[in-house]
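One-letter residues, chain by chain:
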Amino acid sequence: DIQMTQSPSSLSASVGDRVTITCRASQSISSYVNWYQQKPGKAPKVLIYAASSFQSGVPLRFSGSGSGTVFTLTISSLQPEDFATYYCQQSYSARSTFGGGTRVEIK
Amino acid sequence: EVQLVQSGAEVKEPGESLRISCKGSGYNFSNYWITWVRQMPGKGLEWMGRIDPSDSDTHYSPSFQGHVTISADKSISTAYLHWSSLKASDSAMYYCARIRRYSSIPWFDPWGQGTLVTVSS
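Protein chains in written order, with our numbering: chain A, 1 to 107; chain B, 108 to 228.
It cannot be assumed that every hint is accurate.
[Said to hold, decoys possible] Here are the simulated lysine-lysine pairs, DSSO-like style, with alpha carbons at most 27 Å apart:
no. : chain 1 : residue 1 : chain 2 : residue 2
1   : B       : K194      : B       : K119
2   : B       : K130      : B       : K194
3   : B       : K150      : A       : K45
4   : B       : K150      : B       : K181
5   : B       : K130      : B       : K181
6   : B       : K119      : A       : K107
7   : B       : K194      : B       : K150
8   : B       : K130      : A       : K107
9   : A       : K42       : B       : K194
10  : A       : K107      : A       : K42
11  : B       : K181      : A       : K45
12  : B       : K130      : A       : K45
13  : B       : K119      : B       : K130
14  : B       : K150      : A       : K107
15  : B       : K130      : B       : K150
16  : A       : K39       : B       : K130
17  : A       : K39       : A       : K107
18  : A       : K42       : B       : K150
19  : A       : K45       : A       : K107
20  : A       : K39       : B       : K181
The set of hints was computed from the structure by calculation and includes no laboratory data.
Please read these numbers as outputs of a predicted model, since none were measured by experiment.
This is chain A alone, in the form it adopts within the complex (with noise of 0.2 Å):
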C-alpha cells in the first residue's frame, strides 16, 4: 500500500497564525491527494480535493499544493473555528490510504 507520513503530528499555534501541513507520500502519486478537516464528534469534511482544488463553501484561507510526492495544506491565517485535526489521503491507488492526522491546537 502507498504510505502517507504526515508532518507534524501536533502543532500549538495562536489566531492569525499561518499554518503549513506536509504530506508525503511513499511513491508517486500525481495529484491524487485530498485534505480532511475533523473536528471532535464529529465526520471529517473535505476541504481540499485533487491536491489543489477548492471544495465549495470551504473558506478562502486554505490552500492545498504539490505533486508527485510532497503535499502540503496551508491555513493563512489560523482561525478559532480552525482548531481540528487534519488527514491527507491519498486516492491514486485503488486502496486509498490517509496520513496519519495533525492536531491543530491553541497556544
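Please build the complex by placing chain B on the supplied structure of chain A, with the hints as guidance.
Chain B alone, transformed into the frame defined by chain A:
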C-alpha cells in the same frame, strides 16, 4: 441537499453479527460509489472498502477483506456494512462517504454522521 444518514449506535457481544446502514438522499444513489472508513477511539482514519451501488461491485482493503462485507440496495438508496462475527477490536466509529471524482481523481464527500459500534462482553 446531498446527505448520507447512518443507523444508530450499536452495543454487541463478541461473536454476534451486525449490519449497519448508510442511506443516501438528494442525488442518484446508483451514480456514485460508497466507501466505508473506520476510526478507532482516539486514532486516525482507515479505509475499509467501497461498493458501486449500480452493480454491487466491491473492493476491500486487505486489512478488512474477509472480516466485513459491504453491500448495497439501490432500490432504497442504502449501503450496508456487515460483520458475521464481531470481535472486541471491532469497537470503533464507522463512517460511510460518497465517492466523487474530478478528472478521475476520487475524493470522499459528503460523509455520514458515523455509527459507533461497541463490542463488549
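We went through each hint and held it up to the structure:
Restraint check: the Cα-Cα separation between B/K194 and B/K119 comes to about 9 Å, which is no more than 27 Å; the hinted pair holds. At roughly 25 Å between alpha-carbon atoms, B/K130 and B/K194 fall within 27 Å of each other, so this suggested pair holds. Distance check on the hinted pair: B/K150 and A/K45 sit about 17 Å apart at the alpha-carbon level, within 27 Å; holds. Only pairs whose Cα atoms come within 27 Å are accepted, and B/K150 paired with B/K181 is rejected, the gap being roughly 32 Å.
Of the pairs offered as hints, the one joining B/K130 and B/K181 holds, with about 10 Å between alpha carbons and a cut-off of 27 Å not exceeded. Our distance criterion of 27 Å between C-alpha atoms is broken by B/K119 and A/K107, whose separation comes to about 41 Å. The suggested pairing of B/K194 with B/K150 holds, with an alpha-carbon distance near 18 Å, which does not exceed 27 Å. For the suggested pair B/K130 and A/K107, the alpha carbons sit about 40 Å apart, so the restraint of at most 27 Å is broken.
Between A/K42 and B/K194, the direct Cα distance comes to roughly 25 Å. Compliance with the 27 Å bound is thereby established for this hinted pair. Distance restraint check for A/K107 and A/K42: the Cα-Cα separation of roughly 22 Å lies within the 27 Å cut-off, and the hinted pair is therefore satisfied. A distance of roughly 24 Å separates the Cα atoms of B/K181 and A/K45; the hinted pair therefore holds under the 27 Å criterion. Between B/K130 and A/K45, the direct Cα distance comes to roughly 18 Å. Compliance with the 27 Å bound is thereby established for this hinted pair.
Taking the CA atoms of B/K119 and B/K130, the gap is near 22 Å; set against the 27 Å cutoff, the hint holds. Between the alpha carbons of B/K150 and A/K107 the distance comes to roughly 22 Å, so the proposed pair stays at or under 27 Å and holds. A hinted pair counts as satisfied when its Cα atoms are at most 27 Å apart, and B/K130 with B/K150 qualifies at roughly 25 Å. Among the hinted pairs, A/K39 with B/K130 is consistent with the structure: their alpha-carbon atoms are about 23 Å apart, no more than 27 Å.
Annotation: proposed proximity of A/K39 to A/K107 holds, straight-line Cα distance about 17 Å (limit 27 Å). At most 27 Å may separate the alpha-carbon atoms for a hinted pair to count; A/K42 and B/K150 meet this at roughly 14 Å. Restraint check: the Cα-Cα separation between A/K45 and A/K107 comes to about 24 Å, which is no more than 27 Å; the hinted pair holds. Proposed proximity of A/K39 and B/K181 is contradicted: the alpha carbons are some 31 Å apart, above 27 Å.
Of the numbered hints stated above, those contradicted by the structure are hints 4, 6, 8 and 20, listed in ascending order.
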